[in-house]
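Residue numbers (the working numbering), protein chains in the order written: chain A, 1 to 269; chain B, 1 to 269; chain C, 1 to 269; chain D, 1 to 269.
These are computed hints drawn from the structure, not numbers from a lab.
Any given hint could turn out to be false.
To be verified - To give a feel for the contact side, a few chain B residues facing chain C, derived at Cβ under 7 Å: (1) Y67; (2) E71; (3) L74; (4) K78; (5) F85; (6) G86; (7) P227; (8) F229.
As the list claims (entries may be wrong) - List time: in silico BS3-like cross-link candidates among lysine-lysine, alpha-carbon distance up to 25 Å: (9) A:K107 - B:K135; (10) C:K135 - D:K135; (11) B:K46 - B:K16; (12) C:K107 - B:K107; (13) A:K43 - A:K254; (14) B:K107 - A:K135; (15) D:K107 - B:K107.
C-beta: ideal position from N, C-alpha, C; glycine also.
There are 4 protein chains.
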Amino acid sequence: MIIDDGGDLTHWVYKKYPNGFKKIRGIVEESVTGVHRLYQLSKAGKLCVPAMNVNDSVTKQKFDNLYCCRESILDGLKRTTDVMFGGKQVVVCGYGEVGKGCTAALKAMGSIVYVTEIDPICSLQACMDGFRVVKLNEVIRQVDIIITCTGNKNVVTRDQLDRMKNGSIVCNMGHSNTEIDVASLRTPELTWERVRSQVDHVIWPDGKRVILLAEGRLLNLSCSTVPTFVLSITATTQALALIELYNAPEGRYKQDVYLLPKKMGNTDK
Amino acid sequence: MIIDDGGDLTHWVYKKYPNGFKKIRGIVEESVTGVHRLYQLSKAGKLCVPAMNVNDSVTKQKFDNLYCCRESILDGLKRTTDVMFGGKQVVVCGYGEVGKGCTAALKAMGSIVYVTEIDPICSLQACMDGFRVVKLNEVIRQVDIIITCTGNKNVVTRDQLDRMKNGSIVCNMGHSNTEIDVASLRTPELTWERVRSQVDHVIWPDGKRVILLAEGRLLNLSCSTVPTFVLSITATTQALALIELYNAPEGRYKQDVYLLPKKMGNTDK
Amino acid sequence: MIIDDGGDLTHWVYKKYPNGFKKIRGIVEESVTGVHRLYQLSKAGKLCVPAMNVNDSVTKQKFDNLYCCRESILDGLKRTTDVMFGGKQVVVCGYGEVGKGCTAALKAMGSIVYVTEIDPICSLQACMDGFRVVKLNEVIRQVDIIITCTGNKNVVTRDQLDRMKNGSIVCNMGHSNTEIDVASLRTPELTWERVRSQVDHVIWPDGKRVILLAEGRLLNLSCSTVPTFVLSITATTQALALIELYNAPEGRYKQDVYLLPKKMGNTDK
Amino acid sequence: MIIDDGGDLTHWVYKKYPNGFKKIRGIVEESVTGVHRLYQLSKAGKLCVPAMNVNDSVTKQKFDNLYCCRESILDGLKRTTDVMFGGKQVVVCGYGEVGKGCTAALKAMGSIVYVTEIDPICSLQACMDGFRVVKLNEVIRQVDIIITCTGNKNVVTRDQLDRMKNGSIVCNMGHSNTEIDVASLRTPELTWERVRSQVDHVIWPDGKRVILLAEGRLLNLSCSTVPTFVLSITATTQALALIELYNAPEGRYKQDVYLLPKKMGNTDK
Chain A
1 MIIDDGGDLT
11 HWVYKKYPNG
21 FKKIRGIVEE
31 SVTGVHRLYQ
41 LSKAGKLCVP
51 AMNVNDSVTK
61 QKFDNLYCCR
71 ESILDGLKRT
81 TDVMFGGKQV
91 VVCGYGEVGK
101 GCTAALKAMG
111 SIVYVTEIDP
121 ICSLQACMDG
131 FRVVKLNEVI
141 RQVDIIITCT
151 GNKNVVTRDQ
161 LDRMKNGSIV
171 CNMGHSNTEI
181 DVASLRTPEL
191 TWERVRSQVD
201 HVIWPDGKRV
211 ILLAEGRLLN
221 LSCSTVPTFV
231 LSITATTQAL
241 ALIELYNAPE
251 GRYKQDVYLL
261 PKKMGNTDK
Chain B
1 MIIDDGGDLT
11 HWVYKKYPNG
21 FKKIRGIVEE
31 SVTGVHRLYQ
41 LSKAGKLCVP
51 AMNVNDSVTK
61 QKFDNLYCCR
71 ESILDGLKRT
81 TDVMFGGKQV
91 VVCGYGEVGK
101 GCTAALKAMG
111 SIVYVTEIDP
121 ICSLQACMDG
131 FRVVKLNEVI
141 RQVDIIITCT
151 GNKNVVTRDQ
161 LDRMKNGSIV
171 CNMGHSNTEI
181 DVASLRTPEL
191 TWERVRSQVD
201 HVIWPDGKRV
211 ILLAEGRLLN
221 LSCSTVPTFV
231 LSITATTQAL
241 ALIELYNAPE
251 GRYKQDVYLL
261 PKKMGNTDK
Chain C
1 MIIDDGGDLT
11 HWVYKKYPNG
21 FKKIRGIVEE
31 SVTGVHRLYQ
41 LSKAGKLCVP
51 AMNVNDSVTK
61 QKFDNLYCCR
71 ESILDGLKRT
81 TDVMFGGKQV
91 VVCGYGEVGK
101 GCTAALKAMG
111 SIVYVTEIDP
121 ICSLQACMDG
131 FRVVKLNEVI
141 RQVDIIITCT
151 GNKNVVTRDQ
161 LDRMKNGSIV
171 CNMGHSNTEI
181 DVASLRTPEL
191 TWERVRSQVD
201 HVIWPDGKRV
211 ILLAEGRLLN
221 LSCSTVPTFV
231 LSITATTQAL
241 ALIELYNAPE
251 GRYKQDVYLL
261 PKKMGNTDK
Chain D
1 MIIDDGGDLT
11 HWVYKKYPNG
21 FKKIRGIVEE
31 SVTGVHRLYQ
41 LSKAGKLCVP
51 AMNVNDSVTK
61 QKFDNLYCCR
71 ESILDGLKRT
81 TDVMFGGKQV
91 VVCGYGEVGK
101 GCTAALKAMG
111 SIVYVTEIDP
121 ICSLQACMDG
131 FRVVKLNEVI
141 RQVDIIITCT
151 GNKNVVTRDQ
161 LDRMKNGSIV
171 CNMGHSNTEI
181 DVASLRTPEL
191 TWERVRSQVD
201 HVIWPDGKRV
211 ILLAEGRLLN
221 LSCSTVPTFV
231 LSITATTQAL
241 ALIELYNAPE
251 GRYKQDVYLL
261 PKKMGNTDK
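Turn these sequences into a full structure, and let the hints guide you.
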């Protein structure tokens with residue numbers, strides 16, 4: 001059997017020991033990328049053993065996103081900036097699972113939290129959870145902290161960074177490294193000052209400083225830690241998937257990619 | 001001994017049976033008004049037995065204000081208007097104990113809550129608890145509900161009522177009946193329509209309706225109930241005060257007004 | 001076109017004017033029952049126009065369950081019993097959307113909340129949201145309030161009702177009327193005393209009273225009101241579905257039951 | 001004028017330049033210790049200028065205790081142990097301002113929180129805020145984290161440490177360094193293992209490990225940082241006190257220790 005994270009082992013076996021699959025009963029994969037590669041193989045008709053998609057199980061998704069981010073947003077901001085959350089005005093861009101975690105945590109710490117969201121259902125949820133849904137431009141001049149978690153590109157533009165307050169913080173909790181248009185800040189008229197690991201002051205000609213964390217990369221990966229509890233819950237899910245594949249009677253799983261059975265963590269509740 | 005609520009019994013004994021005080025070991029009083037009358041007697045040198053101020057004990061103050069109002073604001077609004085709290089914009093005028101209770105409850109129900117407050121310390125507390133502190137005029141056009149709990153007069157003026165949205169609700173949780181300038185609404189150009197007990201629609205010439213609860217009197221007294229638990233906790237405090245006065249060794253209490261000893265409920269934590 | 005709630009109109013047209021369907025472009029249905037009947041028709045190959053399932057749209061599900069119950073659990077309990085929530089011990093049976101709403105509301109009001117849940121994923125969510133997940137028997141003797149929202153039968157048995165505290169409250173927020181085994185309470189040794197509308201005291205031979213609300217029927221329907229906002233949001237969703245069906249180009253919808261397109265409220269976020 | 005933190009400068013001037021007080025208009029002091037020394041001087045009749053007690057102003061007390069600890073408990077635990085808060089069982093010993101901050105933060109992060117408290121009023125507050133008030137012995141075997149904030153000695157005894165779970169964490173947020181009986185852990189049968197700065201594993205003969213933070217000293221001082229915002233608010237309060245003393249008309253302040261006037265931060269709300 002193969003237990004994989006990223007699909008590299010699977011790829012390597014395909015390349016080096018293609019005959020090995022005759023003796024392999026299945027693949028268990030936990031990452032977005034690896035799962036994506038498995039679905040491609042399956043679509044191309046090249047998947048020769050059953051595979052289990054652990055990445056999309058509830059235990060992985062909820063922990064990686066909602067529960068982890070609820071804690072790591074606070075942790076990441078504290079370790080890098082020592083900012084006090086109480087009374088701060090914060091805008092969170094995106095109200096998916098990550099955004100829900102970030103807003104809940106900051107609200108509980110006494111921050112005044114705004115949400116930007118283009119999806120109407122997520123907007124409605126933000127609203128019913130007590131957050132003002134705004135356009136970024138409406139609050140850009142008054143917020144102390146901007147957090148992106150949309151999965152989109154250039155959510156915070158140079159034009160918006162130009163209008164931020166002196167001393168405000170901007171960071172990214174989303175999926176890509178391009179949510180904040182960091183490239184636009186690498187221009188001659190702006191000075192960058194590295195004040196400590198993962199923390200840059202970007203300084204405007206008039207002396208205004210914006211605090212950029214992790215150069216726009218993921219705050220939760222760069223500036224906080226992943227609790228061992230979360231690692232162990234993901235590993236446990238993989239182990240369960242492994243056991244399921246190994247013990248499954250002939251014919252239950254074909255040469256396809258499967259989600260875990262519901263009792264093992266696959267439900268959308 | 002005298003156990004009193006409002007000071008009327010005390011007053012009656014003073015008037016009718018002044019000699020009775022020779023046999024009376026003390027007075028226990030639970031209301032603001034009654035306590036006020038006792039302090040006046042004491043100041044005038046006319047208090048002839050020890051008196052216990054139960055009104056200012058923590059068990060009474062916290063329950064009457066913070067804990068009760070946290071529940072009765074929701075109850076009072078629901079019973080009168082069936083309003084859904086989630087997503088509503090609410091401004092709470094005053095951030096004392098009553099305001100703290102109201103804001104906490106509405107925030108938890110998913111309302112977007114603003115606070116007005118003139119005391120700098122209370123403002124700071126509101127801010128650190130995650131509420132935007134505003135001037136009423138800043139938000140008057142956008143809020144769905146106005147709640148007053150300041151203890152002051154004319155906190156909501158006619159001019160402000162003129163600018164409220166159609167369908168918005170205005171009510172009073174404070175100490176007096178004059179926080180909302182209801183008198184100013186009794187003018188010929190406005191029509192009043194009683195839609196049910198304690199609920200009036202005040203209708204502007206252009207058709208705009210503002211929902212006024214309890215004609216500006218206290219919502220928590222007029223439109224919700226007091227849980228028996230709260231009545232019993234106040235009665236218990238009075239009973240404890242009674243026992244303390246009765247059992248106190250000669251000389252512990254003089255002809256003055258006393259707060260309960262700390263172990264019996266008097267602390268400012 | 002047909003706009004229906006419960007499927008009765010659809011049924012009536014089928015029976016009386018089957019030819020009418022030649023001129024009908026579609027059906028829009030908002031209830032669980034009506035949707036169930038539509039799927040049966042579809043399965044039997046008898047559905048002769050496209051139908052839109054509004055019941056399972058997010059705007060309906062989230063509002064009917066999570067957002068409404070978060071408010072109606074408090075409202076229903078207050079109107080019937082005037083109970084103070086602060087400091088009360090409450091057990092909520094079931095941690096689906098209804099359970100999530102009930103627990104969030106009561107936690108915010110200062111209740112100490114326990115959850116029972118058999119689904120492992122929902123249990124994990126309850127745990128990560130800060131609730132102790134217990135078996136009902138572990139807490140039955142200490143809780144002040146039991147709330148059922150599981151959708152199952154006999155979640156609270158006679159044996160458990162026998163062990164409840166004097167003065168405790170039991171009510172049902174779930175889907176059926178049989179979550180509490182009320183039938184088992186209709187025995188000669190127990191006395192029922194109707195104290196007010198929707199409120200019965202069931203009295204044990206030793207004098208213990210348990211307060212049963214709405215005779216075990218749904219508290220949110222029997223003892224609280226549905227905000228007009230929720231009615232209007234469901235009606236709006238139906239109207240949108242109607243417009244979609246009416247305007248859809250030939251061939252987009254066949255003789256089947258459809259969920260709303262995502263932009264109109266169908267997503268599982 | 002003298003601006004002091006701890007009373008050392010004041011002491012030094014008393015000793016070296018006692019005549020200097022002829023030219024000094026007042027002392028401003030911000031620490032508990034320094035204020036204590038001033039009150040002693042005053043009582044002994046040796047205070048020769050007015051002094052302002054900044055320590056007991058609301059802006060200092062609320063920030064040092066409630067607001068700071070609400071954040072630093074999370075920060076201190078994360079930086080030292082990377083523990084995930086969601087779903088953890090935590091007992092907080094003491095429900096003063098520090099305990100209120102710690103419990104609020106952990107509850108918001110999804111921990112199941114118990115409180116121990118001997119003061120009846122604070123117990124009642126904990127209860128009304130939704131925490132189960134217990135004796136430490138009732139929960140010692142099940143909790144994952146113990147946090148002390150009582151100001152008392154030996155709140156957690158060796159006997160209790162013996163009964164803690166493997167992997168549980170114990171730390172101190174209170175006033176003294178003796179809340180946890182750390183001395184009792186320095187015995188031959190227990191092994192100490194320093195796993196990183198401020199973190200010791202104390203290992204029992206059966207292999208059980210208890211994670212002791214900062215050797216029982218204050219977690220918020222040892223393992224987290226004080227936001228500059230808090231330092232600046234205290235400094236601002238001192239500056240205001242300084243200005244008040246300097247500008248006060250002759251006779252407003254005598255040779256005594258004063259609290260700040262209410263408008264400058266002294267109120268007990």
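Right, here's what the structure says about each hint:
| no. | hint | result |
| --- | --- | --- |
| 1 | Y67 | 5 Å, holds |
| 2 | E71 | 6 Å, holds |
| 3 | L74 | 6 Å, holds |
| 4 | K78 | 5 Å, holds |
| 5 | F85 | 6 Å, holds |
| 6 | G86 | 5 Å, holds |
| 7 | P227 | 4 Å, holds |
| 8 | F229 | 4 Å, holds |
| 9 | A:K107 - B:K135 | 22 Å, holds |
| 10 | C:K135 - D:K135 | 23 Å, holds |
| 11 | B:K46 - B:K16 | 15 Å, holds |
| 12 | C:K107 - B:K107 | 13 Å, holds |
| 13 | A:K43 - A:K254 | 14 Å, holds |
| 14 | B:K107 - A:K135 | 22 Å, holds |
| 15 | D:K107 - B:K107 | 16 Å, holds |
In summary, the structure agrees with every hint in the numbered list given earlier.
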